[in-house]
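Number of protein chains: 2
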Amino acid sequence: MTENREPRTQTQEPGTQNHRTQEREPRTPNAERRTRVVIVGGGFGGLNAARALNGADVQVTLLDRHNYHLFQPLLYQVATASLSPGDIASPIRWILRKQRNVEVLLANVSAINPAGRLVLLTNGDPIPYDYVVLAPGAAHAYFGHPEWEPRAPGLKTLDDALEMRRRMLLAFEAAERETDPERQRRLLTFVIVGGGPTGVELAGALAEIARQSLVQDFRRIRPESARIVLIEGGPHLLGTFPDPLRDAARKSLERLGVEVRTGSIVTGIDDRGVTFKHGDASERIDAETVLWGAGVAASPIAKSLGVPLDRVGRVTPEPTLALAQYPNIFMVGDLCWFVQDGRPLPGVAQVAMQQGTHAAKNILRAIAGQPLQPFRYKDYGIMATIGRGSAVGDIFGLKISGFFAWLFWIFLHIFWLIGFRNRFVVMTEWAWSYMTMQRRVRLITGERLWPSSSS
Amino acid sequence: MTENREPRTQTQEPGTQNHRTQEREPRTPNAERRTRVVIVGGGFGGLNAARALNGADVQVTLLDRHNYHLFQPLLYQVATASLSPGDIASPIRWILRKQRNVEVLLANVSAINPAGRLVLLTNGDPIPYDYVVLAPGAAHAYFGHPEWEPRAPGLKTLDDALEMRRRMLLAFEAAERETDPERQRRLLTFVIVGGGPTGVELAGALAEIARQSLVQDFRRIRPESARIVLIEGGPHLLGTFPDPLRDAARKSLERLGVEVRTGSIVTGIDDRGVTFKHGDASERIDAETVLWGAGVAASPIAKSLGVPLDRVGRVTPEPTLALAQYPNIFMVGDLCWFVQDGRPLPGVAQVAMQQGTHAAKNILRAIAGQPLQPFRYKDYGIMATIGRGSAVGDIFGLKISGFFAWLFWIFLHIFWLIGFRNRFVVMTEWAWSYMTMQRRVRLITGERLWPSSSS
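Chains as they are written, first to last, in the working numbering: chain X, 1 to 455; chain D, 1 to 455.
Next up, chain X with everything else stripped away, as it sits in the complex:
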């Protein structure tokens, strides 16, 4: 069904709004008009799609609103001051510099016009395409409470991570200056909403900072007395992990002094703290710092497609990843709702990477007039870390936890990082931080100096 045996031919003009392409002509005056593949998003999905098109006779344009590809599994380590932004991000241009059929544009995509075969930018510019790979990723979902966002920042971009770091470190600074004991307690209370991998890793890292890294730094407060609460709506942490790993994660966190509150639904976040429901009881925690590790919402780009969306705004493609309605549009990553063997695929890097590669290969098949292949995800496992020297994982069906799981996690993540320099620097940082229990990049940047309540 999603085969596209008649792509636009190489020389066919798209009719309208191709002034960009014409502008580019002078630089390759003798080139035939090649098939244009536009990739929206430079994350794991988009980048792998671009790489899979290496050497193919297509003109690839990759659009992203940031100039860097981000190694998102380590983003929480930037938020908790273990790594610098430069350690886990590389300029997309640099990664693709040798792939001559790709151009990278820093651009905010606002919508897709499937009828006109155009990707529309927020500034109004249209980018024409013959095929498009949609991999814009996800944003934070606040479950219908957008007013919570300024109080409880999420973790998707480098700026998010720096904002989390800023708030966390400023809370300790403000507590050191505070003379009112009650306000001091509130400043030293940290609530993390969401017990998935992001929330678990954030809580573990935050507990370590308070109990180990900062112990010597303050004179009036004892950072190790900070209260760290992890709130999860479901009955378990790490809902998508096997049972023994869930229990191991909970135990590791509790050993680090994190209060784990499962079965607790957040009902309110205000200037002074968080309210949540546990069964019929309503509870309240006064906290200056609230971090959001919960649900994700699909990109608003999906709406412009005019196809049916699921509850959180994701698009369901055919098994080939192409849309039934528009066979030249392919869905990849968090925006793609894909059910395999009766279970939806999780929103993790591995899924996006495999989908990106698969979508690109299907585009090449379509151009060559061959039948498209259905996508099938190969699960190599999932992992989460809980502080220094402890992790839980399920690799090839083997459940591991503790120190060796952690070493394996480090090995895997260094191996996946793009660029030798990053691997080397991150390895050094980890070795340093393991030996000294110090987090040396705990710099507060950003101009807003103080949280509201500190003065």
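By construction, these hints were calculated from the structure, which means they are not laboratory data. Everything numeric in this text was worked out from a predicted model, so none of it was measured. Be aware that a few hints might be false.
The calculated label-pair distances, taken between Cβ atoms and stated as ranges, are [claimed, not checked]:
hint	chain 1	residue 1	chain 2	residue 2	range
1	X	K98	D	F424	27 to 33 Å
2	X	E182	D	F424	42 to 48 Å
3	X	T428	D	K399	34 to 40 Å
4	D	T428	X	S225	36 to 42 Å
5	D	H145	X	S225	56 to 62 Å
6	D	G124	X	N113	51 to 57 Å
7	X	I265	D	G124	36 to 42 Å
Among chain D residues calculated to face chain X with C-beta under 10 Å, some are [stated by the list, open to error]:
hint	residue
8	P91
9	E103
10	L105
11	L106
12	L158
13	D310
The beta carbon of each residue, even a glycine, is placed where N, CA and C say it ideally should be.
Take the given structure of chain X and dock chain D to it, following the hints.
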């Protein structure tokens, strides 16, 4: 004259507004009331003052509006994407963590009340002192044109450096998207105002980025065609350096393709570029990106002292660094106007460091009832780098330039960096960037995505 043979005695109560001290009492209930030294600023001057008080029987409070000490001589390398913020900054708390008589507070100082012996914070909190070391540093001076500041950011803090980096990289990105040749040229024109070490180092690094690091990354523009103009009002670059070094610096820059315009006074900076006067002629350069490396203005804290200030707002202390009017106030660093052998001392790290140490020692002398010593600056030399593999310097009277000057500059700067990890990481970054000509941390962070003219 500035001797202070009768400091407040150890047990004397200051009378008013010492609630902070009382709040702290419970944690050291048996301590006698110790002499309170407040240090304003955690730069080279303030940090060295704190360290010189190590082990002394005084209670030191160090106030800074950032939580980090910044190695400012390398700040331009963050601005030009060679180093990460974490490479050249360390948390002040961490640096001083083992010095038990120091507490560090993240605080914005608004004024000094010499009569009440109080440092006042912007939130109104008063910090009482027996002695104060004033080392708040300098801000950018726009020569009576504050309206230029948003168009031409200066370089004093990590946030300044990240803002410069953002503008510079965004200009290349916008040029890649731009189709109008005239606007594209303007986007690829960079003007740096000020031919001191900051301006020279920025221009050299920027030229290298355009001519080497970015060459492979773009498809529509040629980054190496970027125009880089360095504008200096005086007759020479590096006005405080010896003649042969000035010439060497100019030649090195011109070899990198930088247009050097000396004797040129900037008369206007607007949305589209820079206007300047050269003799009687007025000239204009259309440029998207204007960077400010020119004059510095003293901190507004000086005004609150009620003592005479020089033209740019600096304070002239006695030879002991204490004020004639208030012998318990010591001036250190850029805020201190100090003439030695008929020449004012330059605003460099070495001067601030030596003054910080000297002020602290004089405070200990005053407490001990000993006569204060006059300050004397020992000049070990000055250096500036001009791109990869080239520097100029005057070390112990020896004038050096070229590759060996650059190696020496690297050695010196690594040696001065605080913390082993920083030294190691910075050395690695430099080796990597020297071998590959790549600047791997060219990440654009900050939420404002596009300069005004790009859409």
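(message) Please list, smallest to largest, the hint numbers that this structure does not respect.
(response) Violated hints (numbers, rising): 5, 13; every other hint is consistent with the structure.
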